[in-house]
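Undergrad: What follows is the residue order along each chain.
4 protein chains.
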Amino acid sequence: MAIFKNKEERELGFGSKNYNNRVRFLGSDGKINVHRAGLGIGNVDVYHWLITTSKTTLVLVIISGYILVNLIFAIVYFMVGPENFGGLDAVTSAQQFMNLFFFSAQTITTLGYGHIYPVGNAASIAAAVESLLGLLSFALATGVLYGRFSRPQAHLLYSKNILISPYKNITGIMFRIANRKQYELIESEASVTITLNNPETKKREFINLKLEISRINFLSLSWTIVHPVDEESPLYGLTRKDFEERDVEFIILMKAINDTYSQTVYSRNSYKAEDIVENAKFKPLVPEVNKRGQLRLNVTDIHNYDIVS
Amino acid sequence: MAIFKNKEERELGFGSKNYNNRVRFLGSDGKINVHRAGLGIGNVDVYHWLITTSKTTLVLVIISGYILVNLIFAIVYFMVGPENFGGLDAVTSAQQFMNLFFFSAQTITTLGYGHIYPVGNAASIAAAVESLLGLLSFALATGVLYGRFSRPQAHLLYSKNILISPYKNITGIMFRIANRKQYELIESEASVTITLNNPETKKREFINLKLEISRINFLSLSWTIVHPVDEESPLYGLTRKDFEERDVEFIILMKAINDTYSQTVYSRNSYKAEDIVENAKFKPLVPEVNKRGQLRLNVTDIHNYDIVS
Amino acid sequence: MAIFKNKEERELGFGSKNYNNRVRFLGSDGKINVHRAGLGIGNVDVYHWLITTSKTTLVLVIISGYILVNLIFAIVYFMVGPENFGGLDAVTSAQQFMNLFFFSAQTITTLGYGHIYPVGNAASIAAAVESLLGLLSFALATGVLYGRFSRPQAHLLYSKNILISPYKNITGIMFRIANRKQYELIESEASVTITLNNPETKKREFINLKLEISRINFLSLSWTIVHPVDEESPLYGLTRKDFEERDVEFIILMKAINDTYSQTVYSRNSYKAEDIVENAKFKPLVPEVNKRGQLRLNVTDIHNYDIVS
Amino acid sequence: MAIFKNKEERELGFGSKNYNNRVRFLGSDGKINVHRAGLGIGNVDVYHWLITTSKTTLVLVIISGYILVNLIFAIVYFMVGPENFGGLDAVTSAQQFMNLFFFSAQTITTLGYGHIYPVGNAASIAAAVESLLGLLSFALATGVLYGRFSRPQAHLLYSKNILISPYKNITGIMFRIANRKQYELIESEASVTITLNNPETKKREFINLKLEISRINFLSLSWTIVHPVDEESPLYGLTRKDFEERDVEFIILMKAINDTYSQTVYSRNSYKAEDIVENAKFKPLVPEVNKRGQLRLNVTDIHNYDIVS
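Chains as they are written, first to last, in our numbering: chain A, -9 to 299; chain B, -9 to 299; chain C, -9 to 299; chain D, -9 to 299.
Extracted from the complex, chain A is given alone in its bound form (with noise of 0.2 Å):
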């Protein structure tokens, strides 16, 4: 058994528990596959789930918000008494309620037209604070959009597959990745960790691999990371199916700084047993000089890659 010989142990956070299930520790959108429990409502952040959820859900959310607090003014200021109201000249319950929401609408938006306006002392005291509300409510929309549109973020695109490849004599893990966005990530560094049970100990281990290059100034093109399975690796003379068994994952931590920002930003991803590809080649992404002179690189480009021998 080869397969543990030269590791460098590596401390990631995650024990060194041998799960009985496969187990997969970070999903392959990066995230980290842990659920925390136990916990009580006021560890609930909603701050930081309004910055990472979803656009739709975020414009979903604002709009039921929009229509919830103006049903409940509505519902209040329609208790406090239409004849409260200066300008309501609705006939009809339904309607005067329907011009009281609108009423609401106008006054949580400070945007008061003025055609319906409070009179009495309670019917002012709601329009008071609900003005007051809308504007926490717009400070809080104007914190979580800039919070989400500043928030630093390394939107990296990872080769489909971890290729097993003749690499100079011998042969080598690799991957690729490239940005997919139009900043720029500077001072780039890649780690890469595996982990798989080790049959005899019933435990999880975590090596460190190293890797032939692991910094650079500038990712702008696209980068091949590679691990040299020479003699002194721990993957020495393992194959896809020893990977399988083990139940292997590849956890790849990036860092860069974000360019446009100067901030320092993270990407992490994973490679199963699955997505290994044993004795092929990534196919040379060599960009081409255009008419502008500037180098172009078609970034999809970075998953294709040719079966050797």
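Quick caveat, the hints were computed from the structure, so don't treat them as lab data. The structure displayed is predicted, hence computed values, not measured ones. The beta carbon of each residue, even a glycine, is placed where N, CA and C say it ideally should be. Hints may contain errors.
Said to hold, decoys possible - Simulated crosslink set (SDA-like; lysine to any residue; CA at most 25 Å straight-line):
1. C:K45 to D:R138
2. D:K200 to B:E1
3. B:K7 to B:S18
4. B:K21 to B:L48
5. A:K273 to C:G30
6. D:K245 to B:Q143
7. C:K245 to A:Q253
8. B:K158 to B:E195
9. A:K45 to B:K171
10. C:K200 to C:R282
11. C:K245 to A:Q143
12. A:K171 to A:V13
13. D:K200 to D:P274
14. C:K262 to A:Q284
15. A:K158 to C:G30
16. D:K7 to C:E179
Unchecked claim - If you want the footprint, here are the derived chain D segments under chain C, 3+ residues with CB under 8 Å:
17. 36 to 47
18. 110 to 118
Place chains B, C and D on chain A using the hints.
TA: Positioned in the frame of chain A, the structure of chains B, C and D alone reads:
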């Protein structure tokens, strides 16, 4: 006296005075237990206070401020004279004042229904000032709310006790931590300093404790931080009673990166002699794979321990 | 061929392809000269574009957006029917449309004079939607403006030319930089990489150049960055013509801390063979003490040089 | 002449010119004493100025700007013609102008009472432009206020004098610092550079001074920063008079992390020869435990010293 052999001193910045009273350098909430006095009013940092005060206090401040400012402007408008306002059809002075109060609320929020409106120059000037003030206050509120939400923090749960446990063939001093929130903490680092009175020099000493592991990549599950009390340790042979007599304090400094905002965050905690439990062992905290394939951890279980022989 | 002796290679991330065309990795404005294509619309980063586009473009976008949205809502209101709006006393359809356009502007800005106001439900709903949209757009605008202003940047002025100058008893390759703004840059670091075609291997090489001084505390005055061309230098004995034939590019990476915001900032520049001036010396740039006791520097003088024998 | 033995030079970036005038590289407020001239208007950084100017100036700028913009729009509206505004029932031109000024204020704040409202197209267009301008200005103001408040700063108090004190068996050059604010500074680092004229080379030299302790974890109490003047020190045997003749400046650079915002902050200070006190010792600054169990420190006591024999 074997207490201070092999010690690696550490300069925390608390001096070396041996206080006659029992003293706690960090509060149990991790706040530094120092009051800096003698500073003028110009050194009060209102924004810092608004950012760090409790939610309840902030809400009260906003509501009281809103009422107060409207009262002040209602008084101003009343002194300018109700006759300088169009649409103010109240008869009694009291109701006129109330209506001017509501007019003020409609002005400071820039709601401006317009059923009451300023007619003379003085009234118009006061309203113009109030609406500018309203916008600026609201700009401030936006900044405060965003500042509160986006403030980098590590919400760590520390085990209630610090244990002296059997550890390999010796003992270890250990406590556990876990993340209370759903965001991820990466690149976590721990440092533990012990401070106690030295009966010989009559000074307070600060000694760095070596940790089994002081850095992990993901703080997704729990982390048991262990100081092995081997012969190299400055704590070799000390009991809970020794710690108590010397008014011990374990000062825990945590540093990590909040993965959502890519910000470095800090957390502190301290344990006093009364938090030490001897001959105890933390209950193993083994995450299970739930039906969605996630590792599921009950975070509040980190407090649990068993007494061993 | 003495070109590549003593070289310390550097992985910038541009690969090693020897382009047949002349190629420039960095534009003269420091932008990386790469176009990443093949990405779907989902990868367009609108916020990044709004943050980095020119002021003129941003103003045009805001004005066009304002007109466009008001046009759209004017059409909606017109289709709902002018009879559903109170106070709309225009006679011609054209003027009705104009008035609805202005009503839209008063609604989206939450101005809401109220001399025109929605009467029916459809009109009221459209107005409620528009005012919400207005608030959200404005929240976005706040974020974009703040993002633009607070974006960490180093505004460095680079000397137009890079000189091959007498330096001590040998020659030095040198250029000058200065801060174009009134904020201070501290902890500045420089790194210079040269890239040229290797006629033997037909590959592009990237070599790190050693600098006389690569870090200074304050970039308050000017800084002349010097690579001494001694016998250890990979450029020893090369002339401007050699540089030209090998399509040289000097890639300058600067890193500093903006003292006002305590943010790390980056700046890049590149010099091609045509920017090299041989046998030239920068004119000394000696600050004088002005009447306020300040050191006074004329920043644009950093370009000036004298030809020497 | 023992001045410059054992010196470790330091590149601050101020060059090595020996100014004939007395020169101060840092102002007493820590600002770098350099004026960079010769830059075009395009390099003026308005946001930076708004962020760093005094509160009073900012308030004046906002008020003047508000009045000015309203004046301009009042003129525009007046030129469009008062007859294009509904509800403008003033008789005299002067009062019409005043009312249009107030209308402008109600428009730019998006208050919009509506008792005065634009009727014609020209008036409506001007009002639509003004309300957009108002929103954008307000977005700017929000950014400026947030930028000012959230700007990372270290508010350190430096002792008024730098002392040459007895220290162990030799002397030490020392000064004290403390935090003026209630937020905590952690991971504080100090660096002290001395600059003086070298009478031999006629150049200005910058020498790094070794510190007894250059880093502490918490700057909660005061910190006395000491350069021990042993035989290794470049200052060994120098007196206040020597320092004066050579136009000495002690340049203090502090770096810390603001615990509330987890931001790195910087502070600078400088001492000239006239700030040196010989044969003096700082009064011990021993915090007492107050009734709430906190260590209580009177911060302004850090200036106090006693003259010793």
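Undergrad: Against the structure shown, which of the earlier numbered hints fail to hold, in ascending order?
TA: 8, 10, 12, 15
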